[in-house]
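Chemist: Given chain A, work out where chain B should sit, using these hints.
Heads up: the sequence lines are chains A and B, in that order.
Quick note: to get this note's numbering, add 6 to the position in the first sequence (first position is 1).
Quick note: to get this note's numbering, add 6 to the position in the second sequence (first position is 1).
Simulated from the structure, these hints should not be mistaken for laboratory data.
Treat the hints with care, since some could be wrong.
The list makes no distinction among identical chains, and a pair is therefore deemed to hold if it is satisfied within one copy or across any two copies.
[Said to hold, decoys possible] Once the Cα atoms are required to be at most 20 Å apart in a straight line, the calculated PhoX-like pairs of lysine-lysine come out as:
no.	residue 1	residue 2
1	Lys248	Lys269
2	Lys186	Lys255
3	Lys190	Lys303
4	Lys220	Lys9
5	Lys279	Lys190
6	Lys328	Lys112
7	Lys329	Lys194
These figures come from a predicted structure and were not determined experimentally.
Number of protein chains: 2
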Amino acid sequence: MKKINVAIVGYGNLGKAMECALLNNGAFNLVKIFSRRKNLKSPFNTGFELLQNILDYKNKIDVLFLCCGSYDDVLSIAPNLLKDFNTVDSFDTHAKLFNYINIMQKIATQDNKVAICAGGWDPGLLSLMRLIFYSISPNSNMPISFWGKGVSQGHSNAIKNISGVKNALQYTIPNKALIKKCNKKIVKTPTEFEKHFRLCYVSTHKNANKKHIKTQIINMPNYFKGYKTKVKFVSNKTILKKQKKMFHKGLVIKNFSCANGFKARLNFSLDVKSNPGFTAEVLLSLGIACYKLSIKKDYGAYSVFDLPVKYLTTLPLSTLYKKFL
Amino acid sequence: MKKINVAIVGYGNLGKAMECALLNNGAFNLVKIFSRRKNLKSPFNTGFELLQNILDYKNKIDVLFLCCGSYDDVLSIAPNLLKDFNTVDSFDTHAKLFNYINIMQKIATQDNKVAICAGGWDPGLLSLMRLIFYSISPNSNMPISFWGKGVSQGHSNAIKNISGVKNALQYTIPNKALIKKCNKKIVKTPTEFEKHFRLCYVSTHKNANKKHIKTQIINMPNYFKGYKTKVKFVSNKTILKKQKKMFHKGLVIKNFSCANGFKARLNFSLDVKSNPGFTAEVLLSLGIACYKLSIKKDYGAYSVFDLPVKYLTTLPLSTLYKKFL
Numbered sequence: 007m008k009k010i011n012v013a014i015v016g017y018g019n020l021g022k023a024m025e026c027a028l029l030n031n032g033a034f035n036l037v038k039i040f041s042r043r044k045n046l047k048s049p050f051n052t053g054f055e056l057l058q059n060i061l062d063y064k065n066k067i068d069v070l071f072l073c074c075g076s077y078d079d080v081l082s083i084a085p086n087l088l089k090d091f092n093t094v095d096s097f098d099t100h101a102k103l104f105n106y107i108n109i110m111q112k113i114a115t116q117d118n119k120v121a122i123c124a125g126g127w128d129p130g131l132l133s134l135m136r137l138i139f140y141s142i143s144p145n146s147n148m149p150i151s152f153w154g155k156g157v158s159q160g161h162s163n164a165i166k167n168i169s170g171v172k173n174a175l176q177y178t179i180p181n182k183a184l185i186k187k188c189n190k191k192i193v194k195t196p197t198e199f200e201k202h203f204r205l206c207y208v209s210t211h212k213n214a215n216k217k218h219i220k221t222q223i224i225n226m227p228n229y230f231k232g233y234k235t236k237v238k239f240v241s242n243k244t245i246l247k248k249q250k251k252m253f254h255k256g257l258v259i260k261n262f263s264c265a266n267g268f269k270a271r272l273n274f275s276l277d278v279k280s281n282p283g284f285t286a287e288v289l290l291s292l293g294i295a296c297y298k299l300s301i302k303k304d305y306g307a308y309s310v311f312d313l314p315v316k317y318l319t320t321l322p323l324s325t326l327y328k329k330f331l
Numbered sequence: 007m008k009k010i011n012v013a014i015v016g017y018g019n020l021g022k023a024m025e026c027a028l029l030n031n032g033a034f035n036l037v038k039i040f041s042r043r044k045n046l047k048s049p050f051n052t053g054f055e056l057l058q059n060i061l062d063y064k065n066k067i068d069v070l071f072l073c074c075g076s077y078d079d080v081l082s083i084a085p086n087l088l089k090d091f092n093t094v095d096s097f098d099t100h101a102k103l104f105n106y107i108n109i110m111q112k113i114a115t116q117d118n119k120v121a122i123c124a125g126g127w128d129p130g131l132l133s134l135m136r137l138i139f140y141s142i143s144p145n146s147n148m149p150i151s152f153w154g155k156g157v158s159q160g161h162s163n164a165i166k167n168i169s170g171v172k173n174a175l176q177y178t179i180p181n182k183a184l185i186k187k188c189n190k191k192i193v194k195t196p197t198e199f200e201k202h203f204r205l206c207y208v209s210t211h212k213n214a215n216k217k218h219i220k221t222q223i224i225n226m227p228n229y230f231k232g233y234k235t236k237v238k239f240v241s242n243k244t245i246l247k248k249q250k251k252m253f254h255k256g257l258v259i260k261n262f263s264c265a266n267g268f269k270a271r272l273n274f275s276l277d278v279k280s281n282p283g284f285t286a287e288v289l290l291s292l293g294i295a296c297y298k299l300s301i302k303k304d305y306g307a308y309s310v311f312d313l314p315v316k317y318l319t320t321l322p323l324s325t326l327y328k329k330f331l
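Chain A with its partners taken away, still in its complex shape (with noise of 0.2 Å):
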């Protein structure tokens, strides 16, 4: 196989990591990094170019990595980005993930492109775990995530909105008593309540009502009501210092009869200590699998529901059957 020539549009943590990982695999050409900022500076002496200017790389790229800051930026970049590149990309805001992947569907299918869409390990790696433990003994226990020990942004940005936050970190943590109980036994699906509780580092402003900010939290319907929610009034010293950490935990543990009657288990966890890092990894699969359909020309928009394993390498099917199987 040539080598795949690809380019990261964003250059915060998850570019960094993209470009880290790029760098370390033979297959791929890296050509340039996008932004809207101007002098960035890489470590590697990748090239920058602004984003503005990407249209006269449209020849030069087979596959474009988005790995934009925020997750409204993909939503609205992406589809504009597709017209003339394929893309892979990592958005993750549930709610919105059919809407876009049917977006990005009509866009690739028009323009002859393809795009990997909410790829990464959750959506991701974890979906695909979700939807084959589930298909397997599809009528019995539904497969059951667990996310954490992890800082999810989501949350700890709802807590940065609150009047008087200064910073904000929010981790989410598994019940482990429950996950040792969902491993040991079949038991009724868990609402996500008593699955995770939340807990939040909070910097304030001078003179900050603490009191009433942490009702404000506590009571924050969708993100903390409900939840078993811990809140922490911290320096921004000390926040700053957390934000560093990056990892995270996810799991996913199915526990259930057989129609013969007999129990089966099936579980899968993950544990990175960058969830950057390991996004990226994932990600760069993805965009070997991007390639492998654009040269097959089967355009269109993907989840990693609709691709088979064997797009994730360059490796041939022999080498797969023979190795792996």
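Modeler: Frame of chain A; chain B shown alone:
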């Protein structure tokens, strides 16, 4: 979706578990069980038919589940049946897999059929995990598989072939200390000999030379030589009792460094109390895939590597995106 008309070939442990699984799932209509044996009876009153008459059912069956007793059977029967039926099998002789799938591929494309080959949990589910784990950071450590505690039919049969042996049962037992180590840190890929122990229960004929039998077992190349092997001579009654319990376990671990230097760990495990019961549940999901592919006229031979996961279920794609992604 209309009900999928299916049939089972073979009525051993797997065939019986397959019957349970299919009758327990509303998506299927179990038309017949085919066997070379006469006068079979099912506790569920499923109808039997001699295998030699199977062509009478050519247009009445959407998918045929091959649950033949021995794996040599699959090799001789499957290519013939594929000429007239879509098939799902759990052929598992790793050394012959690649050739087998190539043979099936030729027939499937010639006769407009779909064959899903080598389904089950290994090859099958564990293969899928190995390839997914490999593809995420492919230049780092290889995924490591462990099996057991559970019976290896191949090893049990190898012992049975020794002169003087009446019956035998071989348990593959994973090295628990090594599993712990592989989960905890990044290790050099261990050898097969380090990964598993072999525990053999053997009953002998009268006057058999037990010492000689033990020596033959321990030194048998490919099967036992090099492994830490324990041989226990027991009564045939003990073995028959143990043979009724068909539990097994499987594990795939990948502990590695992402390109950005941070560690990550992936872990998949299954723990099943009935090997055939669980295998049947996996084959059922592959049966859905087989039917869907045949409807789409995507004829050919498939392994789990060649299938998008969305085909494993009867649920529509919109539901998959909303509930599992």
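Chemist: None of the hints should be skipped; say for each whether it holds.
Modeler: Now for the hints, and whether the structure bears them out:
1. Taking the closest pair of Cα atoms, Lys248 and Lys269 come within 20 Å of each other only across two copies (18 Å); inside a single copy the shortest separation is 42 Å, beyond that limit.
2. For a Cα distance limit of 20 Å, the shortest separation of Lys186 from Lys255 qualifies both inside one copy, at 16 Å, and across copies, at 18 Å.
3. Taking the shortest alpha-carbon separations for Lys190 and Lys303, neither the intra-copy value of 47 Å nor the inter-copy value of 43 Å comes in at or below 20 Å.
4. In this homomeric assembly, Lys220 and Lys9 never come within 20 Å of each other (Cα to Cα): the closest approach is 53 Å inside a single copy and 55 Å across copies.
5. Taking CA atoms no more than 20 Å apart as the test, Lys279 paired with Lys190 passes between copies only; the shortest distance there is 13 Å, against 27 Å inside one copy.
6. Taking the closest pair of Cα atoms, Lys328 and Lys112 come within 20 Å of each other only across two copies (19 Å); inside a single copy the shortest separation is 38 Å, beyond that limit.
7. When the C-alpha separation of Lys329 and Lys194 is checked against a cutoff of 20 Å, the pair qualifies only between copies, where the shortest distance is 17 Å, while the shortest distance within a copy is 39 Å.
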